[in-house]
Amino acid sequence: MTTLPHILRQNASEEPQRTAVVFQQRNQPDQVITIQTLYFNALRYGQILKEQEIHPDEVVIIVLQHSADLIYAFFGTMFAGAIPSIMPFLTEKLSPEHYRKSLRSLFEVTQPAAVITYKEFEAEIHQAAQNSSVRKIFIVENLPSIVNCEISSLPGFERPSSSIVLLQHSSGTTGLQKGIALSHQAVMRQLTAYQKAIHLSAGDVIVSWLPLYHDMGLIAGFLMPILLKVPLVLMSPFDWVRSPVLLLRAIHNYHGTLAWLPNFAYNFCAQKIRSSDLDGIDLSSLRALINCSEPMMQSSHEMFLQRFQPYGLKVNALATCYAMAENVFAVSQDGIEKPVTLDWIDRKGLLVDKIAKPRPKGGDSICMVSAGKPIENTQVRILNEKGDVLPERVVGEIALQSDCMLSEYYKRPDLTQAAFRDGWYLTGDLGYIANGEIYITGRKKDLIIVGGKNIYPQDIERIVMEVQGVYPGRAVAFGVFNENMGTEEVVVVAETEEQEPHRRLEIANQICFQVNRSSDIVLRKAILVERGWLLKTSSGKIARSANREKYLREFQGTDRLEFSTDR
Amino acid sequence: MDELLDDLSKFIAETILQNPSRKIEPTEALISSGLLDSFHLIDLANYVEDRFGVKIEDTELNRQTFDDLEQLCKIISDRMRRK
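Residue numbers (this note's numbering), protein chains in the order written: chain D, 1 to 567; chain V, 568 to 650.
Do not take every clue at face value.
What the hints assert, rightly or not - Below are the DMTMM-like pairs computed for lysine to aspartate or glutamate, each with C-alpha atoms no more than 20 Å apart in a straight line:
hint	chain 1	residue 1	chain 2	residue 2
1	D	LYS272	V	ASP645
2	D	LYS525	V	GLU581
3	V	LYS590	D	GLU506
To be verified - Computed far set for chain D versus chain V, every beta-carbon distance over 10 Å:
hint	residue
4	GLN36
5	ASP69
6	LYS119
7	GLN130
8	GLY203
9	ASP364
10	ARG443
11	ARG462
12	GLN499
13	GLU500
14	LYS536
15	GLN556
Just so you know, the hints here were simulated from the structure itself, not pulled from any lab data.
The structure displayed is predicted, hence computed values, not measured ones.
The beta carbon of each residue, even a glycine, is placed where N, CA and C say it ideally should be.
Construct the entire structure; sequences and hints are all you get.
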């Protein structure tokens, strides 16, 4: 078994001039980074880190925008034998105080030795790093462009394949406490199994706008292409969200064959791209557009297909994947050179009996989109509350076992232990298996997934409860599926004693404002209710799912069983 | 100018925030406050193009170019005049 630095070294000796990454930035010519350029620059970073006494197994936090330097710093940290972790960059809407708080909470758990960032950010990082483990802040603008590097002396080439190669966090206070630690061997085993599942070949070109602090972007849209020598066309999520046609143009210009998207992006592209921007675009090179990281909707696939079939999009290009960072990335895959399997089942059977009974399309049936069969190194089971294995078509918690699981939640043995039961990782997702294929029906834990991003409701609630006028401790946050957007939307319900209408409006606006400034989401709806409206559990905790149902009944007029209420 | 302000305020409140009772003040921060989600900036640009026939480029959808309605209206009316 080998390590990631060894693979990069071998790639650089085999095909140094092959394109590793085409980096796209608005108003700038595309930047072609060859395998050799990437390798040399990563070595440069590795040498600099080593000279500054960053030791093997120490964590280095990278706070950089989508750029060549981000790529070099990430692999360079590995060459130094240290563990890179990419922290999302400060967005326009986030308050600097909140960002500093997030950094501090990340520093506390991961105990990083260093941070790599820009000059403009130095003061910010300095402040956050006070009294922390951080010994060194590297400023990319100040780093030497040439260093003497003795490759054989870099500790990154001496690491065992079982050592931790990277950390991955999801967002928010809760997510930052839970660093998913992956080993070299786990990453390579995942890639070996996954490349077979998607029939990856030297002729492929991967196109991605996905952020690199998320498994889909980091593994499928970054590490896999670079390590397996598949050219990657990379753009920033910041640019893509302002001009979604950029993805389609990149597919056209570079004959892209593969891309991964969260479900909302299908709706987003279909609804917002102007026809005038699509002139001459040809999408026929695309062999798989893989829907992953949030509930997959057939309606989103249909909307996308209808809009882009005239531009050469193949029907069979639509594919699906079930993935999680704890398994490095993919658990299962469907739709490669075949249509995605659809399963029409009885609505009531699913919601009441928790059984997926087949039922002809129409009326009271719902369309489930398959996430496919497990990839070859991963086994999947459906368990009931007691941990018994359930038969096909019975809904329960999805559990998995593989040779590419996380090493641990970094420095959190308590969380690591709680995540497994008899050697099986409990995903917290609910679903069933039919004909060996996995279908996801909902979630056990109170997690909200907005546009593929995991949001912990407790983080949002904590912000809301600090707003003046909200009754102490009486607020709840949950997700409601928005069919039009193809993703969940966060709704906040908070109790107040304020009666005056103007004051109430102010409180509601203030809730939205504070959530927007202090979290990764944008809150459009804050509902104020009277004292005593919110339901509590017997143990006195605010019951999220019960309050969510009450909200849907009272504010959205949905009293029939909605499929989405289970999500 | 006032008409333009009202028109845009109404569009943001009704279509983007889905909260028709919300009034957007001319100098209220739109982007830096997170009031306008990055997912909705393109809606604003598309609306301006359809309604007033002027283009706001995707590279202009940031707070350096405009962060409130007053600034946005100035860009729109300048471009309308130049046409």
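Problem set entry | Non-interface claim for GLY203(D), where every Cβ of chain V lies beyond 10 Å | Answer for GLY203(D): holds, closest chain V Cβ roughly 31 Å.
Problem set entry | Non-interface claim for GLN499(D) versus chain V (Cβ beyond 10 Å) | 17 Å, holds
Exercise. Far enough from chain V: is every CB of that chain over 10 Å from the CB of GLN36(D)?
Worked result: 32 Å, holds
Problem set entry | Distance restraint between LYS272(D) and ASP645(V), which requires alpha-carbon spacing of 20 Å or less | 25 Å, violated
For this session: Given the hint that LYS525(D) pairs with GLU581(V), test it: the Cα-Cα distance must not exceed 20 Å.
Result: 13 Å, holds
Exercise. Is the Cβ of ARG443(D) more than 10 Å away from each Cβ in chain V?
Worked result: 22 Å, holds
Exercise. Taking C-beta pairs only, is ASP364(D) more than 10 Å away from all of chain V?
Worked result: 29 Å, holds
Problem set entry | Cβ separation check - ARG462(D) to all of chain V, threshold 10 Å | 17 Å, holds
For this session: Quick one: work out the minimum CB distance from LYS119(D) to chain V and report holds if it exceeds 10 Å, violated otherwise.
Result: Label holds. Min Cβ-Cβ 18 Å, cutoff 10 Å.
Exercise. Taking the minimum C-beta separation from LYS536(D) to chain V, is that value above 10 Å?
Worked result: 28 Å, holds
Exercise. Looking at ASP69(D) again, its CB stays over 10 Å from all of chain V?
Worked result: With a cut-off of 10 Å, ASP69(D) remains clear of chain V, as the shortest Cβ separation is near 21 Å.
Exercise. Between LYS590(V) and GLU506(D), is the straight-line Cα distance small enough, at 20 Å or below?
Worked result: Holds, at roughly 12 Å.
Hint compliance for this structure: hint 1 alone is broken.
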